[in-house]
Amino acid sequence: MTLAPADAGQQQDGVRATVGVSGDGASLLRAQANRELKEGIKLKTPKFFKKLTASMNEIEEIIEEWQPEPLVPRMSKEKPAPSYNIVSGPPCHKITVNGKQCINFASFNFLGLLDNDRVKNQALQSLRKYGVGTCGPRGFYGTFDVHLELEDRLAKFMRTEEAIIYSYGFATIASAIPAYSKRGDIVFVDEAACFSIQKGLQASRSHIKYFRHNDMEDLERILKQQELEDQKNPRKARVTRRFIVVEGLYMNTGAICPLPELVKLKYKYKVRIFLEESLSFGVLGQHGRGVTEHFGVNIDDIDLISANMENSLASVGGFCCGRSFVIDHQRLSGQGYCFSASLPPMLASAAIEALNIMEEDQDIFRLLRDKCKLIHKELQGISGLKVVGESISPAFHLQLEQSSGSRESDVRILNRIVEYCMDRKIALTQAHYLEKEEKFLPPPSIRVVVTVEQTEEELEMAANLIKEAAQNILQ
Amino acid sequence: MSRGLARSEEELTGEEVTVLRESLAPRWRDVFLQHLHHTKGGLYKRPFTESFEQAPLYVAVLTYMGFGVVTLFGYFRDFLRAWGFEKCNLAQEREEQKDFVPLYQDFENFYTRNLYMRVRDNWNRPICSLPGPQFDLMERVSDDYNWTFRHTGKVIDGVINMGSYNYLGFAENDPTFLTSVEESNEKYGSGVCSTRQEMGNLDIHEELEKLVATFLGVESAMTFGMGFATNAMNIPALVGKGCLILSDELNHTSLVLGARLSGSTIRVFKHNNMQSLEKLLRDAVVHGQPRSHRPWKKILIIVEGIYSMEGSIVRLPEIIALKKKYKAYLYLDEAHSIGAVGPTGRGVVEFFELDPRDIDVLMGTFTKSFGSSGGYIAGKKELVDFLRLHSHSAVYATSMSPPVAEQILRSMKCIMGLDGTTIGIQRVRRLAENTRYFRQRLNEMGFIIYGHEESPVVPLLLFMPGKVGAFAREMLKRKIGVVVVGFPATPITEARARFCVSAAHTTPMLDKVLNALDELGDHLVLKYSRHTRSSRPELYDETSFEMDD
Chain W
1 MTLAPADAGQ QQDGVRATVG VSGDGASLLR AQANRELKEG IKLKTPKFFK KLTASMNEIE
61 EIIEEWQPEP LVPRMSKEKP APSYNIVSGP PCHKITVNGK QCINFASFNF LGLLDNDRVK
121 NQALQSLRKY GVGTCGPRGF YGTFDVHLEL EDRLAKFMRT EEAIIYSYGF ATIASAIPAY
181 SKRGDIVFVD EAACFSIQKG LQASRSHIKY FRHNDMEDLE RILKQQELED QKNPRKARVT
241 RRFIVVEGLY MNTGAICPLP ELVKLKYKYK VRIFLEESLS FGVLGQHGRG VTEHFGVNID
301 DIDLISANME NSLASVGGFC CGRSFVIDHQ RLSGQGYCFS ASLPPMLASA AIEALNIMEE
361 DQDIFRLLRD KCKLIHKELQ GISGLKVVGE SISPAFHLQL EQSSGSRESD VRILNRIVEY
421 CMDRKIALTQ AHYLEKEEKF LPPPSIRVVV TVEQTEEELE MAANLIKEAA QNILQ
Chain V
1 MSRGLARSEE ELTGEEVTVL RESLAPRWRD VFLQHLHHTK GGLYKRPFTE SFEQAPLYVA
61 VLTYMGFGVV TLFGYFRDFL RAWGFEKCNL AQEREEQKDF VPLYQDFENF YTRNLYMRVR
121 DNWNRPICSL PGPQFDLMER VSDDYNWTFR HTGKVIDGVI NMGSYNYLGF AENDPTFLTS
181 VEESNEKYGS GVCSTRQEMG NLDIHEELEK LVATFLGVES AMTFGMGFAT NAMNIPALVG
241 KGCLILSDEL NHTSLVLGAR LSGSTIRVFK HNNMQSLEKL LRDAVVHGQP RSHRPWKKIL
301 IIVEGIYSME GSIVRLPEII ALKKKYKAYL YLDEAHSIGA VGPTGRGVVE FFELDPRDID
361 VLMGTFTKSF GSSGGYIAGK KELVDFLRLH SHSAVYATSM SPPVAEQILR SMKCIMGLDG
421 TTIGIQRVRR LAENTRYFRQ RLNEMGFIIY GHEESPVVPL LLFMPGKVGA FAREMLKRKI
481 GVVVVGFPAT PITEARARFC VSAAHTTPML DKVLNALDEL GDHLVLKYSR HTRSSRPELY
541 DETSFEMDD
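Keeping their order, the protein sequence lines are chains W and V. Position one of the first sequence corresponds to residue 1 (full-length UniProt numbering), numbered consecutively onward. Position one of the second sequence corresponds to residue 1 (full-length UniProt numbering), numbered consecutively onward.
Hint data in this document are derived by calculation from the structure and do not stem from the laboratory. From a predicted model like this one, the values you see are computed outputs, not experimental measurements. Check before you lean on any hint, since a few could be wrong.
To be verified - To be clear about the criterion: a stretch of chain V counts as covered by chain W if any three or more of its residues have a C-beta under 8 Å from a C-beta of chain W, and this derived list gives those stretches:
hint, segment
1, 43-55
2, 71-85
3, 199-212
4, 248-256
5, 304-314
6, 348-355
7, 401-414
Where a beta carbon is used, it is the ideal one built from N, C-alpha and C, also for glycine.
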């Protein structure tokens with residue numbers, strides 16, 4: 001409501017007022033009224049008052065009649081939603097779900113560090129010194145010496161210059177990507193990327209180009225396309241940053257990304273690589289350093305490695321590591337770092353102790369991989385179910401070989417298999433997704449997690465049980 | 001001031017208040033605000049007194065000059081660095097990647113290189129003890145003007161903590177209080193390794209959610225592992241395309257991020273300004289969506305309980321009246337206000353004596369008043385059931401760690417009095433007393449303080465960039481830890497120091513801080529307030545004693 005329309009209104013007062021009571025007419029009159037109020041002139045014209053009240057009445061009617069949608073859609077029409085499983089006690093190797101004692105094949109506790117006594121002890125010491133919360137973000141007295149120590153140890157373990165810690169695993173990659181990639185930049189990302197990467201990409205507002213899952217030729221094709229476009233507009237190309245975002249071990253498919261080929265593509269097309277290693281940290285590689293050690297790639301070739309500490313390290317939070325040139329930027333522009341309280345010190349101490357254990361006992365990684373191979377072999381050949389994932393991946397999926405037609409009925413069938421196994425002391429879970437929010441929704445599946453604490457008998461028992469369930473339910 | 005106001009104060013409309021205020025000379029504007037106890041037809045049960053005094057004009061001029069000088073020097077130093085006269089201490093790109101597109105634009109980092117670097121030692125100060133009313137700082141020195149730091153190994157102990165969000169003093173390590181937390185650590189371990197919907201829903205989470213719902217007086221609640229993520233992941237689950245979000249100017253980054261990720265249209269109204277909000281609501285309801293004029297699906301108003309940079313409290317009664325009239329939904333983020341205001345620590349809803357069922361989505365965090373970490377969303381049962389299925393955090397993010405949940409349980413029980421003691425309610429009262437005392441003394445000394453008179457967040461204005469660095473360093477020399485904030489977290493001319501009063505502060509500690517502030521205020525010329533206030537209440541209404549009024 002600037003002065004100009006009000007002036008126009010004043011000149012053509014008679015014409016404008018009879019146009020009717022569109023919102024504009026009323027607001028013009030109101031603007032004039034405001035101006036005159038400010039000048040302190042009393043409004044005397046009765047005709048003016050009548051027009052004002054007439055249009056105001058119409059507006060009040062519109063406001064009365066408007067009905068918004070309910071804040072949350074009513075759920076009574078659909079079947080009552082299934083409630084959560086309640087776990088009483090710690091979610092470690094032997095878990096009590098809904099009152100039933102089971103062996104845990106569902107929590108990502110790969111190295112069995114969740115109920116390790118040393119880790120618990122260290123957390124206790126830290127609790128007695130620091131209390132629980134940090135009461136502030138990193139910038140305002142929320143930086144404790146344990147945080148600095150953890151960052152130091154992670155950087156040394158991964159053999160990079162620097163590491164930075166976040167207080168929530170999901171927020172790690174979701175804050176790291178928007179810190180570097182802004183509007184106008186280009187990101188090439190795998191179709192099977194997990195949800196936190198998708199949220200990070202959405203927050204960054206960059207151009208996103210998807211390539212088929214683990215298909216290096218498809219990636220090269222779109223990189224070549226981009227190169228041709230760059231030649232048309234070299235000035236813009238000089239300031240557009242490019243990134244490839246991949247996961248070491250994909251959460252949704254259990255596949256490993258072909259890192260050496262990616263590094264070759266990186267230097268050929270001058271793109272930076274961001275590697276998300278939530279599942280592969282503490283799993284792949286001789287010392288558990290992840291997919292770079294698995295393939296023998298120089299870690300400096302990867303610009304940023306991000307991982308969460310909620311899987312192998314059995315703690316809470318996440319970290320990014322890489323060269324100081326790259327990581328230091330997040331200390332001022334990583335939103336989940338600057339605007340959020342820091343990680344509670346007892347959880348940081350637990351992570352440090354878990355890291356100590358990982359460094360001391362290097363055999364557990366090989367042990368874990370052997371167990372994965374074992375159960376992978378056992379689960380081959382079940383009629384009706386196929387195993388999706390690498391043989392050394394500790395978190396893989398069991399999908400229906402033939403879909404029954406709709407996603408809902410697939411989910412129900414898989415649920416019956418899960419319940420069958422739960423009743424016989426094996427705790428499994430389906431992989432949950434937000435169906436409407438995922439860009440490329442994976443098919444419904446049961447996620448099986450292998451941990452180093454499971455014995456061979458238990459693995460065989462689980463495999464047999466799944467075969468039995470598949471026979472009973474799918475035939 | 002009764003001269004010139006023909007009607008009684010209650011009959012003034014919002015617009016007329018604005019008009020009158022703007023017609024007054026600047027000198028009288030904030031006096032007017034402080035004396036005008038308009039209760040808006042009974043919406044407010046008590047007077048609502050906030051003040052945002054403006055500094056004299058020369059202060060703004062000097063601030064801009066200060067920034068100008070630093071910018072000039074910045075260009076000069078960049079020139080020297082480019083031509084090799086000065087060593088560049090920044091980390092550099094790898095040799096093998098020098099021909100890649102640069103990762104950072106030079107200009108983006110100009111401010112960081114040339115201004116932030118000089119005063120960088122005032123932030124990220126590492127501590128090595130409990131973040132209680134007093135803590136121990138690790139001494140850190142820089143040999144190259146703040147480019148790198150080195151820890152000398154010494155510890156500065158007994159520093160008074162005026163920076164941590166420890167409103168009720170629950171950041172404590174006394175073994176008698178922490179027995180249940182220790183037990184839960186022994187029983188559960190620290191991590192959970194799974195999401196809420198899969199295998200991560202522990203019985204302790206269910207217990208916590210029931211207690212939070214009882215504490216707030218609503219039907220049900222849901223908790224999340226991180227406060228920031230609570231906003232960023234749940235706003236997109238509630239609103240989407242075709243909805244409208246009306247968000248306050250000074251909302252926290254997590255709310256802005258959540259609003260952006262949801263894909264709705266966002267309109268911003270002036271900070272705590274109900275006329276601005278009403279205008280936006282009217283426009284939205286009457287005109288509908290921008291081009292098609294179809295009606296909006298939902299309108300969501302997002303506000304915070306206490307704004308952490310201003311210390312202002314949201315005008316909740318008016319917002320609820322507006323929301324009911326225009327049928328909008330209200331999302332209230334009580335990160336700083338839960339536990340910190342209200343006679344029994346239930347937040348701004350209790351502060352204004354309102355019904356929590358009037359607010360559609362109550363959100364808050366456990367980091368500030370409960371000495372833990374995490375966030376919650378509470379409201380009607382349908383809302384929380386919906387979020388259990390559709391929240392991004394419930395499906396993809398790990399649930400809260402058990403000892404952290406146990407700490408919230410025990411501190412909440414303490415505040416509610418369920419542990420059989422009155423410690424909780426004593427702390428709430430102590431916080432209110434400390435806040436009033438602190439603010440009153442600062443006002444008397446002549447500093448410019450922003451915010452509501454009962455908010456425990458006290459921003460003290462410093463204005464000039466040079467004073468920001470000097471203030472923080474001098475206070476540290478006197479063993480007081482303060483938080484200073486400047487551009488870009490605040491407007492460019494309003495750099496400030498922000499104090500967080502805690503129930504754990506004793507009066508001698510507060511007096512020590514106040515004396516140091518008095519001394520520094522004279523030394524650094526920080527006492528900009530142009531009102532002389534005496535410590536005795538005014539016993540008369542007249543402000544002038546002229547015969548011919």
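For each hint, the structure was consulted:
For a cut-off of 8 Å, the count of residues in the segment 43-55 of chain V with a CB near a CB of chain W stands at 0, and the three-residue condition is violated. Three residues within the 8 Å Cβ limit are the bar, and the segment 71-85 of chain V against chain W gives 0, so the coverage statement is violated. Requiring three or more residues with a Cβ within less than 8 Å of a Cβ of chain W, the coverage given for the segment 199-212 of chain V holds, as 6 such residues are present. Chain W is given as covering the segment 248-256 of chain V, and this holds because 3 residues of the stretch bring a CB closer than 8 Å to a CB of that chain, at least three being needed.
With a threshold of 8 Å between beta carbons, the proposed coverage of the segment 304-314 of chain V by chain W is violated, since 0 of its residues qualify and at least three are required. Counting residues of the segment 348-355 of chain V whose CB falls under 8 Å from any CB of chain W gives 0; the rule of at least 3 is not met. Residue count for the segment 401-414 of chain V with a Cβ under 8 Å from a Cβ of chain W: 5. That meets the three needed, and the coverage hint holds.
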